[in-house]
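Colleague: Take a look at the letters that make up each chain.
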Amino acid sequence: MASTGLSSSNSSSSSYDLSFKILLIGDSGVGKSSLLVTFISNSVEDLSPTIGVDFKIKLLTVGGKKLKLTIWDTAGQERFRTLTSSYYRGAQGIVLVYDVTRRETFTDLSDIWAKEVELYSTNQDCVKMLVGNKVDKESERVVSKEEGMTLAEELGSLFLECSARTRENVEQCFEELALKIMEVPSLLEEGSAVGKRNILKQKQVHHTSGGGCCS
Amino acid sequence: MFNSTSGNNKKRVPDWLNSSLWSSSPPPPPASPSPKSSPNDVVADRGVKSTPATSAKSSVQKAEASKYEPPAPAPPKVAVTAPPAVVVRAEAPKVEAQDLLGSQGRYYSSEDDEEDGARSNVDAVADTASEASAAVTVSSPVSAARPASSAAEDISRQAQLLQELSRKVINMGELRRLASQGIPDGAGIRATVWKLLLGYLPCDRSLWSSELAKKRSQYEHFKEELLMNPSEITRRLEKSSLKNDELDGEDKGFLSRSEITHDEHPLSLGKTSIWNQFFQDTEVIEQIDRDVNRTHPDMNFFSGDSSFAKSNQDSLRNILIVFAKLNPGIRYVQGMNEILAPLFYVFRSDPNEENAVSAEADTFFCFVELLSGFRDHFCQQLDNSVVGIRSTITRLSLLLKEHDEELWRHLEMTTKVNPQFYAFRWITLLLTQEFNFADSLFIWDTLLSDPEGLQETLLRICCAMLIIIRRRLLAGDFTANLKLLQHYPPTNISHLLYVANKLRTHPAG
Numbered sequence: 003m004a005s006t007g008l009s010s011s012n013s014s015s016s017s018y019d020l021s022f023k024i025l026l027i028g029d030s031g032v033g034k035s036s037l038l039v040t041f042i043s044n045s046v047e048d049l050s051p052t053i054g055v056d057f058k059i060k061l062l063t064v065g066g067k068k069l070k071l072t073i074w075d076t077a078g079q080e081r082f083r084t085l086t087s088s089y090y091r092g093a094q095g096i097v098l099v100y101d102v103t104r105r106e107t108f109t110d111l112s113d114i115w116a117k118e119v120e121l122y123s124t125n126q127d128c129v130k131m132l133v134g135n136k137v138d139k140e141s142e143r144v145v146s147k148e149e150g151m152t153l154a155e156e157l158g159s160l161f162l163e164c165s166a167r168t169r170e171n172v173e174q175c176f177e178e179l180a181l182k183i184m185e186v187p188s189l190l191e192e193g194s195a196v197g198k199r200n201i202l203k204q205k206q207v208h209h210t211s212g213g214g215c216c217s
Numbered sequence: 050m051f052n053s054t055s056g057n058n059k060k061r062v063p064d065w066l067n068s069s070l071w072s073s074s075p076p077p078p079p080a081s082p083s084p085k086s087s088p089n090d091v092v093a094d095r096g097v098k099s100t101p102a103t104s105a106k107s108s109v110q111k112a113e114a115s116k117y118e119p120p121a122p123a124p125p126k127v128a129v130t131a132p133p134a135v136v137v138r139a140e141a142p143k144v145e146a147q148d149l150l151g152s153q154g155r156y157y158s159s160e161d162d163e164e165d166g167a168r169s170n171v172d173a174v175a176d177t178a179s180e181a182s183a184a185v186t187v188s189s190p191v192s193a194a195r196p197a198s199s200a201a202e203d204i205s206r207q208a209q210l211l212q213e214l215s216r217k218v219i220n221m222g223e224l225r226r227l228a229s230q231g232i233p234d235g236a237g238i239r240a241t242v243w244k245l246l247l248g249y250l251p252c253d254r255s256l257w258s259s260e261l262a263k264k265r266s267q268y269e270h271f272k273e274e275l276l277m278n279p280s281e282i283t284r285r286l287e288k289s290s291l292k293n294d295e296l297d298g299e300d301k302g303f304l305s306r307s308e309i310t311h312d313e314h315p316l317s318l319g320k321t322s323i324w325n326q327f328f329q330d331t332e333v334i335e336q337i338d339r340d341v342n343r344t345h346p347d348m349n350f351f352s353g354d355s356s357f358a359k360s361n362q363d364s365l366r367n368i369l370i371v372f373a374k375l376n377p378g379i380r381y382v383q384g385m386n387e388i389l390a391p392l393f394y395v396f397r398s399d400p401n402e403e404n405a406v407s408a409e410a411d412t413f414f415c416f417v418e419l420l421s422g423f424r425d426h427f428c429q430q431l432d433n434s435v436v437g438i439r440s441t442i443t444r445l446s447l448l449l450k451e452h453d454e455e456l457w458r459h460l461e462m463t464t465k466v467n468p469q470f471y472a473f474r475w476i477t478l479l480l481t482q483e484f485n486f487a488d489s490l491f492i493w494d495t496l497l498s499d500p501e502g503l504q505e506t507l508l509r510i511c512c513a514m515l516i517i518i519r520r521r522l523l524a525g526d527f528t529a530n531l532k533l534l535q536h537y538p539p540t541n542i543s544h545l546l547y548v549a550n551k552l553r554t555h556p557a558g
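Here the protein sequences come in this chain order: S and Z.
Sequential numbering from 3 applies to the first sequence in the working numbering.
Sequential numbering from 50 applies to the second sequence in the working numbering.
Some hints could be false.
[Claimed, not checked] Lysine-lysine pairs mimicking DSS-like chemistry, simulated, CA-CA at most 30 angstroms apart:
| no. | chain 1 | residue 1 | chain 2 | residue 2 |
| --- | --- | --- | --- | --- |
| 1 | Z | Lys-465 | S | Lys-182 |
| 2 | Z | Lys-465 | Z | Lys-374 |
| 3 | Z | Lys-465 | S | Lys-67 |
Honestly, the hints are just simulated from the structure, not real lab data.
Remember, predicted model here, so these are calculated numbers, not experimental data.
Whenever a hint applies, use it, and build me the whole structure from the sequences.
Modeller: What follows is the structure, encoded as structure tokens:
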């Protein structure tokens, strides 16, 4: 329903302490959009492939702080990679997703995606999270949890296995990432700068409500 | 799965699109789904067709829209009739509307005028449009909010189109003019008209049957050649070499071993090996499979466990594989499935059974034709060239700047919304993901028929999409604007096309 649009326009104007930009990357069909939709709307849906980039907002409270996460969901197919580069700019967190039932999606993370991150991420301290999705299909699993943990260690990233379909670990994924981001002083500073601007802007809006916007 | 409860309103599909009766009216050979209990009268009267369902839905959408967007120009739902969009070029039957509109002189809403006087141009044509149509509309209540037009008008346009289609040699100019006003669903008109517009059917009717037969057999040929797996190819090679051997070896009385060249061994690493090719293809085919399976997951026509949906998915899959193999420079790019879907849906739903059965072949050629106009958008190597997607997005940006500089400045300078973030999908997918399916078809009628060509028309419509929500955009920050543009609100399509049409000539100012 259009209520998502409504609640978000409300939420984007409601107050928050910190604002972070999160990027979702990984091969096509690993379930990036499904993870995000599950996280945002608590519903499990069948989705069309993402073309270009999709953008969603989630407000949540983590560690006593009100957070606004703007999450950028990217297209997985190689064709779109020349365009993805601009999405990395300013991201404080990057979620690298693979499908535990398709090995190539796992190997592509180290062969391709981790390199993209190095190349395009503008944030030295940016927090990474490795996510093995589709653990509900246990019988089809080809990438073990241990392998996932090993790769996470190599990449210096957090690690979780989850299922967008059963919702297992989906919220944890974003919450842990947010917590970790808040532990990094430089990122925390970036996030709170936006938060302050937001509060300031809200005051202005209240003062000038009804006025023209381009004065 | 979550067919009707999808939380995504822009993709909401009207019930009539999902009616199996509707989509497979003359039961086609691939087992069609068990007819659902959809009311017969909806299907029976093609003239009035879907309108009850559609209008109910879209008036709800509209109600929602206006609820969320008080300042937006959401016209009163009773009044949405004539696509004044095209009135400019159309003669009958909307003379009154034309006059009314003409007398308006310029076209932004009175609200806007009060608010900020002679602001740039084009906001809120809806107000004038709805005024105009209010004056004309006395149509049946059922058809109230169908963006296309009133049922009565649908019927008259349907008659005009049918008349045009019955000519010995079709007048393409006239056909374009009629089609650009939206093609009424039913009687397979849209299928035939799209085939003509895409140049798949020649203007001369007497050539249709031979042309179709030729193309359809050609496609069967492609499939035979290209969808065969390597062991089949090897087997055939063996067979043919065996034949030669039989000829040579007849006298000698022994069978020679069949020759499989080193290159054609499955473990060969040679680049030319059919097996190497096969493994590469497998990757593409897996990608195609994944995407075909999630094409319009909210429509029974494309999705679900019915054999009808399965056979439709198979057709999409075949077309995409054949295309990928015939076009190694592009192969398969995500999103092609989305562009294919409307074509296949329309052709497969043709009440003419012969056409419906050959929908796959017809769709293939029309898809090739459609893509030929903007295939460069799918080509990564051309992203930064003048024909690539970036350059097309820049053209959209310039078009907006030309028509509404204030909005352009706010979007790109003030809120820093890179047009690529939303327009990439709008343009590469020909707006198929921004509106519900029925509305997309309506937009495509215009895209395919406009004499200015698909790309120009598409850019004008995209620009109009920005302009008709300019007020919300001007009030929004980066986040609000990007969200709004990535999840475009339900819109009166006639109004959108009307504004787009206004952008054709330089507005008087």
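Colleague: Can you confirm whether the C-alpha distance between Z:Lys-465 and Z:Lys-374 stays at or below 30 angstroms?
Modeller: violated, 40 angstroms
Colleague: Please verify whether Z:Lys-465 and S:Lys-67 have alpha carbons no more than 30 angstroms apart.
Modeller: holds, 27 angstroms
Colleague: Is Z:Lys-465 within 30 angstroms of S:Lys-182, Cα to Cα?
Modeller: holds, 28 angstroms
The structure is inconsistent with hint 2 alone, although it conforms to all the rest.
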